[in-house]
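Construct all of the structure, not just a fragment, from the sequences and the given hints.
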Amino acid sequence: MMSVLGWIIASGLLMSAIALVGSISLLLSAKTLDRLLLPMVAFAAGSLLGGAFFHMLPVAYSANPDPVSIGVAVAGGFTVFFVLEQFLHWHHCHLASSECRQPMGYLLLVGDGLHNFLGGLAIAGIFLTDIRAGIAAWIAAALHEVPQELGDFGVLVRSGWSKPRALIFNVLSGLTFLLGGLVAYGASFQSNLSWLIPFAAGNFIYIAAADLVPEVHKHGTSDIGANLIHLASFALGLGFLLVVAP
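So the mapping is simple: our numbering equals the position in the sequence shown, first residue as 1, plus 5.
To be clear, the hints were calculated from the coordinates, so they are not data collected in a lab.
Computed from a prediction, not measured in an experiment: that's the story for all the values here.
A few of these clues could be false.
Stated by the list, open to error - Derived SDA-like pairs (lysine to any residue); straight-line CA-CA distance at most 20 Å:
1) Lys168 <-> Gly118
2) Lys223 <-> Leu233
3) Lys223 <-> Ser238
4) Lys223 <-> Arg40
5) Lys168 <-> Leu25
6) Lys36 <-> Ala231
7) Lys168 <-> Ile29
8) Lys36 <-> Val151
9) Lys223 <-> Glu90
10) Lys168 <-> Leu33
11) Lys168 <-> Ala22
12) Lys36 <-> His224
13) Lys36 <-> Asn232
14) Lys168 <-> Leu114
15) Lys36 <-> Val26
16) Lys223 <-> Leu25
17) Lys223 <-> Pro44
18) Lys36 <-> Ser227
19) Lys36 <-> Val162
20) Lys36 <-> His222
21) Lys223 <-> Thr37
22) Lys36 <-> Ile234
23) Lys168 <-> Val151
24) Lys36 <-> Arg170
25) Lys168 <-> Leu32
26) Lys36 <-> Pro219
27) Lys223 <-> Ile234
28) Lys168 <-> Pro44
So, in C-alpha cells, the structure goes:
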C-alpha cells in the first residue's frame, strides 16, 4: 500500500506531466480545437463541482463537524482565487485562439504556477485526511488541467514562444503542484491541516462557477445540439464524481 507521501509525490508528478498534452494543440486548427475544448471545459466544471460537493465537503464535515468553520474555509478558498484573478489579471485560458484575455508569456506562467502551488497544497491536505477523497479531488483537478494546458500552450506558441520552450515552461509551472504538496506534507507534522479540505472545495467551486461555466456560455453558440452536448458534458462530470463517491 502506497504511503501518503507516495500519493502526494505521484499526484504532483502526474499533474505536471499533464502539461505535455499541450503539444496536441499543434495538430489541430484553433477552430477545431476550440470546438473540442468547450465540451471538455463543461465536463471539467461538472467534475470540479462534484469533487467539491460529493467528496471534499463530506470529508471536511467528518473531520470537523462545525458548519461555520467549514463555511469560512470554503469562502477563504473561493476568495483566494478571486484575488489571484483580480490582482494578477490571471484567468484560465481554455481556448487556443487570441480571444483569451489571459496575459501573455511569463505573467501567464506565474499565475498558473501559483494556481498549481495552491492546488497541490490543498489536495495534499485532502490526502493527509482521506486518501480516497484525495484521489477523487486529484482526478477532478486533472480533468480541469487538460483543457487549460491545451489552451495555455496554444496561446504561448501563438504569442511568439517556440514550441519546445512553451512545453518546458508549462511543465515547470506544473511542478509547483508537487512543491505545494510537499510543503503541506512537511507542515502536517506541526499543525492540523484539515482546513485545507474545505479550502480546496472553495477553490474548485470558484474555478467551476466563475471561470469554466462562463467560458462555456461566452463561447457557446445558438446551436441547440451543441448546447445539449455542453449540458450533457457538465452532467457527466457531476455524475462521474458522484459514482466514485465513498
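Each hint, compared with the structure:
1. Lys168 <-> Gly118: holds (19 Å)
2. Lys223 <-> Leu233: holds (15 Å)
3. Lys223 <-> Ser238: Within the cut-off at roughly 16 Å; holds.
4. Lys223 <-> Arg40: Between lysine 223 and arginine 40 the Cα gap is close to 13 Å, so the pair holds against 20 Å.
5. Lys168 <-> Leu25: Measuring from Cα to Cα gives roughly 11 Å; hence the hint holds.
6. Lys36 <-> Ala231: Holds - the C-alpha atoms of alanine 231 and lysine 36 are around 15 Å apart, at most 20 Å.
7. Lys168 <-> Ile29: holds (11 Å)
8. Lys36 <-> Val151: Holds: lysine 36 and valine 151 sit about 17 Å apart, inside 20 Å.
9. Lys223 <-> Glu90: holds (18 Å)
10. Lys168 <-> Leu33: Roughly 14 Å between the alpha carbons, so the hint for lysine 168 and leucine 33 holds.
11. Lys168 <-> Ala22: holds (16 Å)
12. Lys36 <-> His224: Roughly 12 Å separates the two Cα atoms, so the pair holds.
13. Lys36 <-> Asn232: Holds. Lysine 36 to asparagine 232 sits at ~17 Å (cutoff 20 Å).
14. Lys168 <-> Leu114: holds (15 Å)
15. Lys36 <-> Val26: holds (18 Å)
16. Lys223 <-> Leu25: Roughly 27 Å between the alpha carbons, so the hint for lysine 223 and leucine 25 is violated.
17. Lys223 <-> Pro44: Given pair lysine 223, proline 44 holds - Cα atoms ~13 Å apart, limit 20 Å.
18. Lys36 <-> Ser227: With a Cα-Cα distance of about 17 Å, the restraint between lysine 36 and serine 227 holds, given a limit of 20 Å.
19. Lys36 <-> Val162: At roughly 16 Å apart (the allowed maximum being 20 Å), valine 162 and lysine 36 satisfy the hint.
20. Lys36 <-> His222: Given that 20 Å is the threshold and the Cα spacing comes to 17 Å, the pair holds.
21. Lys223 <-> Thr37: Holds: lysine 223 and threonine 37 sit about 17 Å apart, inside 20 Å.
22. Lys36 <-> Ile234: Status holds; Cα separation ~17 Å.
23. Lys168 <-> Val151: holds (18 Å)
24. Lys36 <-> Arg170: violated (24 Å)
25. Lys168 <-> Leu32: Satisfied, since the Cα-Cα distance of roughly 12 Å is no more than 20 Å.
26. Lys36 <-> Pro219: holds (19 Å)
27. Lys223 <-> Ile234: holds (15 Å)
28. Lys168 <-> Pro44: The given pair, whose Cα atoms are some 26 Å apart, is violated under the 20 Å limit.
Consistency note: the structure conflicts with the earlier hints numbered 16, 24, 28.
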